[in-house]
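Listed in order, the protein sequences are those of chains F and H.
Here the first sequence stands for residues 1 to 111, numbered as in my numbering.
Here the second sequence stands for residues 1001 to 1116, numbered as in my numbering.
Take the hints with a grain of salt, since some may be wrong.
Said to hold, decoys possible - DSS-like mimics (lysine-lysine), calculated; alpha carbons at most 30 angstroms apart, straight line:
no., chain 1, residue 1, chain 2, residue 2
1, H, K1022, F, K56
2, H, K1018, H, K1040
3, H, K1040, F, K103
4, H, K1018, H, K1041
5, F, K103, H, K1019
6, F, K57, H, K1022
7, F, K70, F, K59
8, F, K56, H, K1019
9, H, K1040, F, K70
Stated by the list, open to error - Quick list of the computed label-pair ranges, beta carbon to beta carbon:
no., chain 1, residue 1, chain 2, residue 2, range
10, H, G1028, F, Q14, 41 to 49 angstroms
11, H, G1014, F, T77, 46 to 54 angstroms
12, F, E41, H, G1028, 16 to 24 angstroms
13, F, E41, H, T1114, 14 to 22 angstroms
14, H, G1003, F, A68, 29 to 37 angstroms
15, F, E15, H, R1063, 42 to 50 angstroms
16, F, Q80, H, T1080, 40 to 48 angstroms
FYI, nobody ran anything at the bench for these hints, they're computed from the structure.
By construction, the Cβ of each residue, glycine as well, lies at the ideal position given by its N, Cα and C atoms.
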Amino acid sequence: TQLLEQSPQFLSIQEGENLTVYCNSSSVFSSLQWYRQEPGEGPVLLVTVVTGGEVKKLKRLTFQFGDARKDSSLHITAAQPGDTGLYLCAATGGGADGLTFGKGTHLIIQP
Amino acid sequence: ETGVTQTPRHLVMGMTNKKSLKCEQHLGHNAMYWYKQSAKKPLELMFVYNFKEQTENNSVPSRFSPECPNSSHLFLHLHTLQPEDSALYLCASSQDAGPNPTYEQYFGPGTRLTVT
Chain F
1 TQLLEQSPQF
11 LSIQEGENLT
21 VYCNSSSVFS
31 SLQWYRQEPG
41 EGPVLLVTVV
51 TGGEVKKLKR
61 LTFQFGDARK
71 DSSLHITAAQ
81 PGDTGLYLCA
91 ATGGGADGLT
101 FGKGTHLIIQ
111 P
Chain H
1001 ETGVTQTPRH
1011 LVMGMTNKKS
1021 LKCEQHLGHN
1031 AMYWYKQSAK
1041 KPLELMFVYN
1051 FKEQTENNSV
1061 PSRFSPECPN
1071 SSHLFLHLHT
1081 LQPEDSALYL
1091 CASSQDAGPN
1101 PTYEQYFGPG
1111 TRLTVT
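Only chain H is shown next, with the shape it has when bound in the complex (with noise of 0.2 angstroms):
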């Protein structure tokens, strides 16, 4: 079984939708985050998740509403979304968070999401 999985895969949506993006992970760790991929920047840390309680906004805008209910499960719900939103959504885990070097990350897939 697959350490860390994201659904759905692809997504397309409209500016005025709501729709979620959900990630588990079945490595027993206890932190999580979101990230974002687009053309031409760096992968950018959005959201951080040690023992459910969020330690981290890296300044997202409220259009995306991160939220873990338990150490295996993160979601990412999303409304009214721009254009400029299309990336790849990527979850990651580790055994804990901060800063220590030991707490490698594992990344799931990504969420592809376009938005029209």
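Only chain F is shown next, with the shape it has when bound in the complex (with noise of 0.2 angstroms):
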């Protein structure tokens, strides 16, 4: 069984600060994507990162996959309290159809 640890678990920090979070696995993936999903509602994609040592960006938010393809990192510059929610890594190339999830970060800015 594939397993996808992220850390922390819990984040809250104050707006305008930074902050990174990570997914680390010892499995191989074909690529990993990076989702937030909000209280009462499904995840939403942010990014999907394929080729080991890709960096992408989306506003304020940085995703890193590691050059392995093992890990991943996801970095928030001058956080704002509508990044709020949860973040989880899922990925690919596990052998099977479907996606492998963390168990997420749950992130909160306060204004």
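Got two chains here, separate frames each, mind docking them using the hints?
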């Protein structure tokens, strides 16, 4: 069974601060996706990374895929209350047709 | 119109009841999925359908029975559930199924199920 370990599990910071959350595994994946989920809603796809070492930017969010395609990070610059949510990483390529998810990082940005 | 819809949004049922969850996607996708999201556990893949054919059953108990009459609709029939089955059940769709990294999945809002 392939596992995705996300850290930290919970993070509460003030508006304007920077933060990084991590997604790690001992397995190699074909691709990795980051989702954000708000209460009462399904996950919404933020980005897909495919190539080892790849970096993608989405406004204040920077996503990186590790060189060995086993880990990824999400960095948020100048966090805003609207960034609050559950951040999930998910991977493909583990032999299943669906996604393998981590438990997520619960992020709270306080005004 | 939202891409993936699910009904009902909330459901409370007894252990002897029979109910069904419905999912509909308006994205023209060929693959649909059921996931279970419980507290303190990762999202768990339950079933995968590709072109109406079930391609994956992730060791799900038989009290959960999926049905995919066409590529746009997916059902999850529930019977004799247990309290530990209480969770958020999420439906998703993608252009196609398989390990191809371009097959991004789009999720519905989920059905919050409580088994009493």
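Which earlier hints turn out false for this structure, listed by number in ascending order?
Hints 1, 6 and 8 not satisfied by this model.
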